[in-house]
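Engineer: So you can see what is in the structure, the chains are spelled out below.
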Amino acid sequence: MAKDTNSNHADQYYKAKKKEEMKHQVITFALMIVFTIIAFGLVIGEFDKLFVFPVLLVLAAVQVGFQFYYFMHMSHKGHEFPALMIYSGIFAAILTILALTTITWV
Amino acid sequence: MSTHEDVLSSENLPHEPEKATLEGKNKFLGFWFFLGGETVLFASLFGTYLALKNSFGAAEHTTPSQELFGLELVFIMTMLLLTSSLTSVYAMYHMKNHDFKKMMVWLGITVLLGAAFLGLEIYEFYHYVHHYHHTFTSSAFGSAFYTLVGFHGAHVAFGLLWIITLMIRNARRGLNLYNAPKFYVASLYWHFIDVVWVFIFTVVYLMGKVG
Amino acid sequence: MSTATVGKRSFGAVVWDYLTTVDHKKIAILYLVAGGFFFLLGGLEAMLIRLQLMAPDSELIGAQFYNELFTMHGTTMIFLAAMPLLFALMNAIMPLQIGARDVAFPFINALGFWLFLFGGLLLNCSWFLGGAPDAGWTAYAPLSVISPGHGVDFYALGLQISGFGTLMGGINFIVTIITMRAPGMTYMRMPLFTWSTFVASILILFAFPALTVGLFLLTFDRLFGANFFVPDMGGNEIIWEHLFWIFGHPEVYILILPAFGVFSEVFSTFSKKRLFGYSSMVFATVLIAFLGFMVWAHHMFTVGMGPIANSIFAIATMAIAVPTGIKIFNWLLTMWGGSIRMTTAMLYAVSFIPTFTLGGITGVMLASAAADYQYHDSYFVVAHFHYVIVGGVVFGILGGLTYWWPLMFGKMLNEKLGKWTFWLFFTGFHLTFFIQHFLGLMGMPRRYWKFLEGQGLETGNLISTVGAFLMAIATFILLYNVIITTVKGKKSPADPWDGRTLEWSLPNPTPFYNFKQLPLVRGLDPLWVEKTQGNGKMIPAEPLDDIHMPNNSFLPFTISLGLFIAAFGFMYRVDAGFPAYVAIGVGLAITLGSMLIRSVKDDLGYHIHKEDLEKEGAGE
Amino acid sequence: MKGWMGRFRALFLLSSLALVLSGCGKPYLSALQPKGEGADMIYDLMMLSVIIMAFVFLVVMIIYTIVIVRFRQKKGQEDFVPKQVEGNHLLETVWTVIPIILLLILAVPTVQYTFALADTTPETEDGEPVEDALWIDVTGNQYWWHFDYRDLEIQTSQDLYIPTDRRVYIKLSSNDVIHSFWVPSISGKMDTNPGKNENEMFIHAYEEGVFWGHCAEFCGPSHSLMDFRVVAVSPGEFDEWVADMQAVDPEAVPENPVAAEGKDLFQENSCLACHAIGSSPAAVGPNVTSFGDRSKIAGILPYDKEHLVSWILDPEQHKPGNLMTGKYPMPSKEDAEKIAEYLMSLQPSDIGPDDAEDGEYIQPKPKEETEAEGDEAEEDTNEE
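Protein chains in written order, with full-length UniProt numbering: chain A, 1 to 106; chain B, 1 to 211; chain C, 1 to 620; chain D, 1 to 384.
Honestly, the hints are just simulated from the structure, not real lab data. We put the CB at the ideal spot given by N, CA and C, even for glycine.
Only pairs whose alpha carbons sit at most 25 angstroms apart, straight line, appear in this in silico DSS-like list of lysine-lysine: (1) A/15 <-> B/101; (2) A/23 <-> B/102; (3) B/182 <-> A/15; (4) C/531 <-> D/75; (5) A/17 <-> A/77; (6) D/75 <-> C/416; (7) A/23 <-> B/101; (8) B/101 <-> A/17; (9) A/77 <-> B/182; (10) B/102 <-> A/19; (11) B/101 <-> A/18; (12) A/49 <-> B/209; (13) D/75 <-> C/419; (14) D/74 <-> C/419; (15) B/182 <-> A/17; (16) B/102 <-> A/17; (17) B/102 <-> A/18; (18) C/601 <-> B/182; (19) D/74 <-> C/416; (20) B/182 <-> A/19.
Just the calculated beta-carbon pair ranges, DEER-fashion: (21) B/108 <-> A/11: 26 to 32 angstroms; (22) B/115 <-> A/78: 28 to 34 angstroms; (23) D/249 <-> C/148: 38 to 44 angstroms; (24) C/592 <-> D/314: 51 to 57 angstroms; (25) A/18 <-> B/115: 24 to 30 angstroms; (26) B/66 <-> D/249: 50 to 56 angstroms.
Using the sequences and the hints, build the whole thing.
Structural biologist: Here's what the structure looks like:
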């Protein structure tokens, strides 16, 4: 399956790419920490519920996107099916949560 | 393809050792799909929790989530788990560079962070039970809370056992095509645990604190 | 750890072989035998139900036992008969249809089977240990929570264990289809049965976790004092209904889509035509699966979700009729202009069309939310879902088995007996269930232990019982057919039906490595392409080389056995005390220990050497 | 040829037989003989769907028959290879679009009726909310039904009296597990959920009569025996019944000496702990205020003394799993007979099931303007 590209040149290129990627991942991590602090800050700051809840959810969604795309490499080649299945899972998940929070008389 | 013992050799590894063999590729895909299913599993638990988070019925001890949750501990736990996600990224980075030793070191750090997280979670549960009489059986809220957070905790515990087993088993033989997919898949699992936690601290703790 | 074993082997060796096998063809046979056994058991339960309902105000069977019977009939037929029998076909056929030597995860495949079997056995142990589950196969809380004894515990834990198995099987099939297709077998060249296996497996992946959670919550409520479904403590029983149907509705499509796949193959083969509108068939399959996820609440129209939710789910449900209709017409047009051979398998397929159309029609009627206030939980619903599940799934399984029997066992089922089975089963089926539509409308709710005299329900119920007996006779003839074929049947030719798809290109018996050389697929219906454009044989896509094979393993059995033992411990924790904790400890130790062995012991498989393959080829 | 003909004949025979059967069912149980507003609406919807679906079935069966007759393999043509048709876009579009249209035809009234049946905010013709609409709180219990007439201080069990001139609004809940309230000939069903998940619906009988009700959600061993009756009487009779029920004196001693003795025994055997006589919020067991007018014993047994005594002595035999068994000191047979005598003497009202079936229509007494909410009262003046 894997193409043997053992030439030195390709190796160099590959290494550089991974370095680059690692840099992105560190930046991502920093952003996640910042987002988390913002999220906690919003709650500690006792802002209005109607403002806080959507922001919290957006922050969480972005963090999860970071995890999937940067930490778990979902943007890379060969991840078409994983992405499809994760999105299908998220679709089913949203339906489930919507149902349980709306039509169960909470 | 060459003979099967070759997968145990640590020499001449390709760039993506985790997906170089058909078995590795299968494992990689299968595990991703499993995570897709896990998404629904946790969604069902989240949905149940959201439906029951203010339900006490005729319970004796009813501490609403605003009073119950303390954010300091949760913040520390979040930082631990987020950091462990980064360390496992480092581990995979070194795996792709075929640097087995560094990979093991980073995995070791990941395990330590995860264990610290788990310890704090156990302490948190203990605290709730003894100071607030908020138990698994005290009310529907209690059942839903411990089930959701406990399922995540059990995932963390299982992940720790899994990574430790992998580390011990492969400590002496280095990286090869046979164990690379296993390490990779374990790291995927670890990231997914973090994904779930992001929602737990947001939906359960932060939103619970607000009300 | 050897190549093909030739000649007679001792009984013990055969048993050991099946206990440890990871070969998808043998696992298929295991699924078939176990699923067949549970099918007979579920059928027996059904017969007792019909006997009780033969006459009004009957005292033949007690109320409690009757409730256990119909609960177990539903549970057994859905989880332990229909799904495993479909898994048998999927395992036996799908890898051959895509030109694969094995499935993606042979070990997981075996594990899936053993988990299912031990889950099923656990469930049925309840009969001997104080009574079976008695809260209906839907186990609605709080009835299932307050149900005395351990019946519902067996239900929750048994289904949990077998559910894990199903989930694993599903993931295995998805990955197999993605990575193991032979060269040239593009997605749009995959036979419809493979496509439907693929889509059904995806449904399993996303539907079963909801059941897993639901069963966990039920277990926690019953065994550990949780309050999910206890209204007094703030619990909410509607959560169970949602979780159950979020799983339960896709489950219906998990069952019916593979049956659609079987029929697509059968229609095409016995009409000697390629499937009409292949791409729209694929599209319809995917669309049904997608819509199937958004309609679960149509099982809950009378729960009181309000008119808005009811209307949304009603319309979403009706929408499913469109892709289903597309399929029906495509099948009809496949036969149109063809050269139809009425073999037994084809009879099942042909009779499926009117039967399933009726089931679909009543489905749309049920989808009409306001009207469902009358149909819901009445015998109308019973009739509807039996039209869909028997008329679709069971016909599909029986047709599929008849069709692929030569491939699975190397012998042909007797056609004459097969036709007897078909006609009796078909007649009995319609006798039993057609009348039930009217019984329902006349005011007979489902799950009724007794119907009283003077309500006009006598004749209908009697007819229904007579029909059930015809189905029972048909089943016996089928059994006789299987036995007589196994004992006396002659070896069948390799391609007895003039097949079109890859699986018929294999020699009889199928070698345990399936394809000596992976075939090159040059179009839809690859064998047909070679028959019309080539020499009738598949062109190899690779030179003859060593074949990598997985090792057999006993661990799937022990992992499942451990869970089986631990389940007893959890159930009897309160009443038995210490011994129960021992059971939990031992059971989990066996399971986790086996998992540990699995992860520390390298399992690299073995190779069949090129030279051996060449020798075998010469011996043919 | 033989095959498909046989199949058709069987189908045809079956369906005609079934139609005959549906015609001779018990009149007041079948959803096919609607006697109330909800059942009527649903029946219309049912018929619409049957017509659409019959059309679809017909089309399928015509193509099917042609295919099976024309395209069978002929003798001597085993080698014939048909043209391998890939598909036909026009045809495929046609059988996608036509079903969509048919479904839309069904979907529109479905949504309309779903909303119409969920309308539990009573309004007068001018759109004003009706303040004094008749509301009844229905509670499902294992295995009996309790009816509490809100604001009227009347409770009954098993037999539900309603007037025929208006919608009666009911609120449904349960004391234990999920049940479902279903009176097929009057309206569709609605679940009774335990806890806070209460439901509302309306029932409206067009005709007088005793209508059969079932529990339609599986609720335990005696699920099939959880029957009840809706006694629909003319508005005048209903008013009389209400007045009689409100005037009940729970302490009244029956004139019949045996029954009087039975009354004492009823108290001594702690029957009263569960079974209220007169208006009482307690509803552990069925309210027996108007037991003498019940149409059945325990919802299922013929109404006579013999069965009542047998019930008192062994309820388990008649309703397995019921909650009465073992909850009271077992009376002797003689005592049970006396209690039965007493219970059967409890006839606070002259209005009973017979009045629903005698065809006599009594107009309501003239009331204040506000009471004129019976929006479809005109239709119901069908004196037979």
